[in-house]
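Visitor: Got chain A; can you put chain B on it based on the hints?
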Amino acid sequence: MRPADLASLAGGSLRGHPTRSLLTLLAMAIGVASVIVLSGLTEGARDYVRRQFLSLGTHLLIVLPGRNETHGGPPPLLGSTPEPLTLDDALALTRLAPVRRVAPVVVGNVPVRHGGLEREVTVVGSTAAFLPVRRLRLAQGRFLPPGDAHRARPVGVLGARLRRELFGPGEALGTWLRVQDRRFRVIGVLADTGQALGLDLGDMLVVPVASAQQLFDTDSLFRILVEARDAESVEPAREAVLRTLRRRHDGREDVTVVTQGAMLAAFDRILRALSLAVAGVAAISLVVAGVLTMNVMLVSVAQRTAEIGLLKAVGAADRQVLALILAESASLSGLGALLGLTLAAGVIALERRLFPAFPLAFEPWAVGFATGAALLTGIAFSLLPARRAARLDPVAALAGHA
Amino acid sequence: MNQDLTRLAFGALRSQPLRSGLTALGICIGIAAVVLLTAIGQGLRQFVLAEFTQFGTHLIAVNPGRNVTFGLSGALIHTLRPLTLDDAQALQRLSQVRAVVPVVQGNAEIEAASRSRRAMVIGVGSRMPEAWSMTVASGRFLPGGDLRSTTAQAVLGATLRRELFGSTNPLGRRIRIGGAPFRVVGVMAAKGRFLGFDLDDTVYVPAARALALFNREGLMEIDVLYAPEAGSEAVAGRIRRLLAARHGDEDFTVTTQDKMLATLDDILGILTAAVGALGGISLLVGAVGILTIMTIGVRERRTEIGLLRALGARTGQILRLFLTEAVLLSALGGAAGLVLGAGGAWLLQALVPALPVRVDWRFVLLAEALAAFIGLAAGLEPARRAARLDPVEALRAE
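From first to last, the protein sequence lines stand for chains A and B. Under the working numbering, the first sequence has 15 at position 15, and the numbering climbs by one with no breaks. Under the working numbering, the second sequence has 349 at position 349, and the numbering climbs by one with no breaks.
Think of the hints as simulated: they come from the structure by calculation, not from any bench. One thing to keep in mind: the hints can contain errors.
[Said to hold, decoys possible] A few chain A residues facing chain B, derived, Cβ under 8 Å:
hint, residue
1, 19
2, 24
3, 34
4, 66
5, 254
6, 281
7, 285
8, 288
[Claimed, not checked] So, partial list: chain A residues that the calculated Cβ filter (under 10 Å) puts toward chain B:
hint, residue
9, 67
10, 83
11, 111
12, 252
13, 286
14, 289
15, 295
16, 299
17, 302
18, 381
All residues carry an ideal CB built from backbone N, CA and C; glycine is no exception.
So here's chain B without its partners, still in its complex pose:
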């Protein structure tokens, strides 16, 4: 009987090809919109996450100040409870801590022999390349050992090197940063842009030097790289206890990278779902389309229904027949929409490679299931109307 049902429903759809095609097209457009929009949303989500994870994922950031003010952490404004290089030094001794990088950031005039340029100055420790997943292109990074080292050495970012030295070799050359003399010992490999910042228009100097340069007593941040097998919360807890003991109070903020990423991921996921829902409005309109066309179909096929009933078809069978038709319409339309949406996503990727697109098959399956459900819901009322027809009345109608 199920096979017969499908064959009968298919036959009915095929007898009105243009009408069935247009009804399915409505659902098709809706599903294609949902698939394409969620593909763009997912692509953006992965793009943003990749932007953030390019600095490594096993990081914990410690900032001075208990709360965040003016949308900025306490590091950027004055605080009476600074984080010091001694704090950073102490964190190095915690178990499962791989590397500790003190961070001081600022902006100063950098002068080479003939040219000068204003750029970002970042005071860091010798383990920065490991912690931030960066590589040295030539020369070497700042020397290791004591975090409090004030050696006057500097490592250039790729953009800054190009601007100051052009194609000549900068290694061993002398530069002045904010008036103070430094020697260039290395050049970093290009890292690109991050949220609009050119990360390569930068010079890296020892943190203690940067503190003196900017006349600061506190660090802006301490980044802690922990062993991958250690839990971020366990390490964060140890950091909290150690610093609270050193300061006598919890006057700092500890942020774990994986927690921040999870929050970010949640937000972007919700955004993707919202964008998908926007496309879902078209599905709603498509559902109204199925409802309309099925209503018309039931009215037109009164004789056929009456005949079926007179031949002994039960109301349940008639109901199932029309429901099958509605579900077939929307499922076929949905399948076409999937192809259209995925094809559109592929085309978009090919035409605009900068726009990240990624078809998420979970959303695709959800959309297809939704299409079938829409057919079921929209077909219910017309199917019930058909099933309730009185056979004698229906046959007499013609």
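Chain A with its partners taken away, still in its complex shape:
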């Protein structure tokens, strides 16, 4: 039997029972579409997290004071240490070869007043390098002036949201803000970048690091942000930072350096495992669809006993009958997968139009996995009905005694 004959025979018998064939197709399509859409959801989340990290810059290193001995434990993100990082530590890092920029960071919560309005905001003390290191953009005015980091200046740059809250539609540039007992002149406003990994950058006031240290009466830093020259120099930069700080801290290794890549990789691993698990759970429905295919094929073989008997009587071999039934179920699951793909593509396109900020991913691996699983279950579950058909005795089948 030629493949074309096989296909036309299989197609003909499917068309002979349109309701049954369509329902089986529908079952397969639901399974395939749910695998693709659900893995698109988790892969979309993975892309989202990756983009958020990339928006912070790819070559970023974060230096935290303190270190934990426990291996595999989390970095000491919380808490204080008796050996703090200082501004001079940060300035020493700027001279390292693999380092492009260094932004020291002091952070605190302070009420900021303008006119009759007061708002408790995050005051970030840093230098001119903070803008490029955190990939921020200015909407108006200018950023902190470069120059001696030790010099306190009464100037500040507003986040977009803080500007709205304190000034409304009015002009903010050049006005004076009262922060505790000090006054700061607004020299710039940051562009609205929304939230980055949960940090609302819009509700903050950026001032020179020395001014922030005076405000909080401290000589320590919260973090040092270090930007490496390029992707290759992240690791050398990490080693150089650790070496330099150990030398400056009398040989004690009392800081932790977290690289952006390490954090991204940790999130990436978790989300990848999640999306595989979700796809796997959705694939259970494909097995159910496979069971249905088997059932329908069994019914079809039983109803066509006489037809199969005739085929065998005119000389069709067992293998040809087997191939005929398998071709039928393969086209059922193949068409079902195609329908599922179309359905999934439609859902994803609709979602992308409705929520452009969080697009679902159309993952090639998920498409391949779903289609492969659909075909495999469809054919595997039809082996029993196909063998039953192939083993029919032609005489008995024609006589209707199968």
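Guide: Below, chain B alone, put in the same frame as chain A:
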């Protein structure tokens, strides 16, 4: 008649055992997936809740700063409105407050005679073991009395004790924390890990000492243990009023443990339901299976239906007959799925004891009811088709 109906339906199912079995198998797989997935979800939920309640449930935490910034409370960064030891002292005098624990946390080098190690340093008060449900393994905890006490005594966590002293007795020995001398007066019983943190790689010192060590003026947190019979909201309200009066403004955040747990429980419950819904996709496919097989069955049994109608069966009876068949199929499949799912959960628990699994019978009942409903919904259209058959036409078909 109802008995006859069931017998007739059963008979029809039994006459096609393979076909009925496969249709029920589809529902069975779906129900088993729902039961197993919700069992894993519920297990995780209880695991997480147990992690959080191991510190006691009648706790209220007070943090400095009005709002949470950078995902961290104001305690970790600088704030111009610190919580002080005097604030903690004042909270002790509130009614229905059992114990007040000031908390300062940090990281420092700990040196014993021959070894040194960087570990977590927690400044607390003498009532910490009671408030955080921890026990002292040997020696005693920090001395009671004034929260502002600066006595240079320290209590080691189990891991830190092992790392610094090995098997020798640490009690009475001198250690240096961040360069300052302390005397070891006790060792805590092991508490294990919490969300990845090794809680035993820790040394506990008086809060006032920790403030001096880290050169801080404010506490990171004040934990208030209240009497179990008192309402958390009432105590939280009193704490708020007292501190607002002392500070002249509400520049702190009060979190009650039970409220936080309730929120957490809600989130995890929703997550479990979502995971169950994921398994429900298989049920949907199983429903399509019932629809398909019932449609085929009605077509095959036209003569039988025609005969029944000719003998005087009303359309309502035919409808009920086929609906009963569909519901029986899915209910039997569902019951098998329950056994399979619960068995799978049991097996998973036996093979991977670390993965918490717990079959929630509410979800199980819901899944079984859903299975029966699916049978009803999927069987409706084929049953109506059967009921509408014209007896004469149907009999002539053969």
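Visitor: Could you run down the list of hints and mark each one as holding or not?
Guide: Verification of the supplied hints:
1. 19: Status holds, d = 6 Å.
2. 24: Nearest chain B Cβ about 6 Å off; hint holds.
3. 34: Holds, about 5 Å.
4. 66: OK, holds: residue 66/A within 8 Å of chain B, min 3 Å.
5. 254: Holds: closest Cβ of chain B sits about 7 Å from residue 254/A, inside 8 Å.
6. 281: holds (5 Å)
7. 285: Residue 285/A check passes; min Cβ-Cβ to chain B is 4 Å, inside 8 Å.
8. 288: Since the shortest Cβ distance to chain B is 4 Å, the answer is holds.
9. 67: It holds, given that the least Cβ distance between residue 67/A and chain B is near 5 Å, below 10 Å.
10. 83: holds (7 Å)
11. 111: holds (8 Å)
12. 252: Hint holds; residue 252/A Cβ to chain B Cβ min 7 Å, cut 10 Å.
13. 286: Constraint on residue 286/A satisfied, holds at 8 Å.
14. 289: This hint holds: residue 289/A lies near chain B, its Cβ roughly 5 Å from the closest one there, short of 10 Å.
15. 295: holds (4 Å)
16. 299: holds (5 Å)
17. 302: holds (9 Å)
18. 381: holds (9 Å)
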